[in-house]
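K.L.:
So you can see what is in the structure, the chains are spelled out below.
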Amino acid sequence: DAGVTQSPTHLIKTRGQQVTLRCSPKSGHDTVSWYQQALGQGPQFIFQYYEEEERQRGNFPDRFSGHQFPNYSSELNVNALLLGDSALYLCASSLSGQGAYSNQPQHFGDGTRLSIL
Amino acid sequence: GDSVTQMEGPVTLSEEAFLTINCTYTATGYPSLFWYVQYPGEGLQLLLKATKADDKGSNKGFEATYRKETTSFHLEKGSVQVSDSAVYFCALSDINTGGFKTIFGAGTRLFVKA
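Residue numbers (my numbering), protein chains in the order written: chain E, 1 to 117; chain H, 1 to 114.
Wrong hints could be hidden among the right ones.
Just the calculated beta-carbon pair ranges, DEER-fashion [claimed, not checked]:
1. H:PRO40 <-> E:LEU117: 22 to 28 Å
2. E:GLY28 <-> H:GLU42: 44 to 50 Å
3. E:GLN41 <-> H:ALA114: 25 to 31 Å
4. H:LYS56 <-> E:GLN41: 24 to 30 Å
5. H:LYS60 <-> E:GLU54: 45 to 51 Å
6. E:ALA38 <-> H:GLY61: 29 to 35 Å
7. H:PHE18 <-> E:ASN79: 45 to 51 Å
8. E:ASP62 <-> H:PHE18: 32 to 38 Å
Straight line, CA to CA, 30 Å or less: simulated DSS-like cross-link-like pairs of lysine-lysine [to be verified]:
9. E:LYS26 <-> H:LYS60
10. H:LYS68 <-> H:LYS56
11. H:LYS52 <-> H:LYS68
12. H:LYS113 <-> H:LYS56
13. E:LYS26 <-> H:LYS56
14. H:LYS60 <-> H:LYS113
15. H:LYS113 <-> H:LYS68
16. H:LYS52 <-> H:LYS77
17. H:LYS113 <-> E:LYS26
Listing some non-contacts, in silico: residues in chain H with all C-beta distances to chain E over 10 Å [stated by the list, open to error]:
18. LEU44
19. HIS74
20. PHE111
Keep in mind that the hints were calculated from the coordinates and are not lab data.
In this text, a Cβ means the ideal position worked out from N, Cα and C, and glycines have one as well.
Same shape as in the complex, but just chain E (with noise of 0.2 Å):
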């Protein structure tokens, strides 16, 4: 059963360009989470994913967008890259159920590591 993958491992990047980050969720999985882990931090949440519509958005400037697609598999996407934005990129699934969703846990890949010169 695979877990959450993510895409590429690392990544290094200079001021003004822009990324694609890419995962995809465990098996059975339909909700997709992103999170920006500074280093020495705890995750700070970008946005989440589910039926192919962002659900709740963090406080985060637009230049971060993402997608998901059918398959539930998502992107992250930066543009104007800013040497601030070098983390690690953590992305979370999860199963959207009815009811008390708030206390479903989260899988977690092993992130992207970004690195901005």
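Start from chain E and add chain H according to the hints.
P.N.:
Just chain H now, with coordinates in the frame of chain E:
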């Protein structure tokens, strides 16, 4: 808004010592609480969870009790092993804020010496 505060690390213990990592939270509603663990070079793994007051989550010898009166969810383990060395994150999700995002603390790094 909702937030999670956990004790700063690093925490350094000898093998078989008792572990406590403190975590307190602020939430407008009745959140679900989680502990995640992150090993070097890996993503986060769910360690345990509790969804209502007085619930006790447990896994792999780790325990945490949801204390609404003190807004706390402290992580404990009676006897740590070298393999427990990792970063531990306390987290919550709150249905009153949509319930879709998980809010994490800054993490506590644990080193266990043989």
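K.L.:
Is 29 to 35 Å right for how far apart the beta carbons of ALA38 of chain E and GLY61 of chain H are?
P.N.:
holds, 30 Å
K.L.:
Please verify whether LYS26 of chain E and LYS60 of chain H have alpha carbons no more than 30 Å apart.
P.N.:
holds, 23 Å
K.L.:
PHE18 of chain H and ASN79 of chain E, beta-carbon distance inside 45 to 51 Å?
P.N.:
Given range 45 to 51 Å: holds, Cβ gap about 49 Å.
K.L.:
Please work out if LYS52 of chain H and LYS68 of chain H have their alpha carbons no farther apart than 30 Å.
P.N.:
OK: LYS52 of chain H and LYS68 of chain H at ~8 Å, within 30 Å.
K.L.:
When you take the CB atoms of GLY28 of chain E and GLU42 of chain H, is the distance between them in 44 to 50 Å?
P.N.:
violated, 21 Å
K.L.:
Verify that the Cβ of HIS74 of chain H lies farther than 10 Å from every Cβ atom of chain E, and report whether the claim holds or is violated.
P.N.:
holds, 17 Å
K.L.:
Please check whether LYS56 of chain H and GLN41 of chain E have a Cβ separation lying inside 24 to 30 Å.
P.N.:
Given a distance of about 28 Å, which is inside 24 to 30 Å, the answer is holds.
K.L.:
Would the pair LYS60 of chain H and LYS113 of chain H pass a check requiring their Cα atoms to be no farther apart than 30 Å?
P.N.:
Holds. LYS60 of chain H to LYS113 of chain H sits at ~19 Å (cutoff 30 Å).
K.L.:
Between LYS52 of chain H and LYS77 of chain H, does the CA-CA distance stay at or below 30 Å?
P.N.:
Distance of about 21 Å is within 30 Å: holds.
K.L.:
Tell me if the straight-line CA distance from LYS113 of chain H to LYS26 of chain E falls inside 30 Å.
P.N.:
Roughly 34 Å between the alpha carbons, so the hint for LYS113 of chain H and LYS26 of chain E is violated.
K.L.:
Mind checking the hinted window 45 to 51 Å against the Cβ distance between LYS60 of chain H and GLU54 of chain E?
P.N.:
Roughly 35 Å apart at Cβ, these two residues miss the hinted range, so it is violated.
K.L.:
Run the distance test for LYS26 of chain E versus LYS56 of chain H: straight-line Cα separation, threshold 30 Å.
P.N.:
Judged against 30 Å, a Cα distance of about 27 Å means the pair holds.
Violated hints, in rising order: 2, 5, 8, 15, 17, 18; the structure is consistent with all others.
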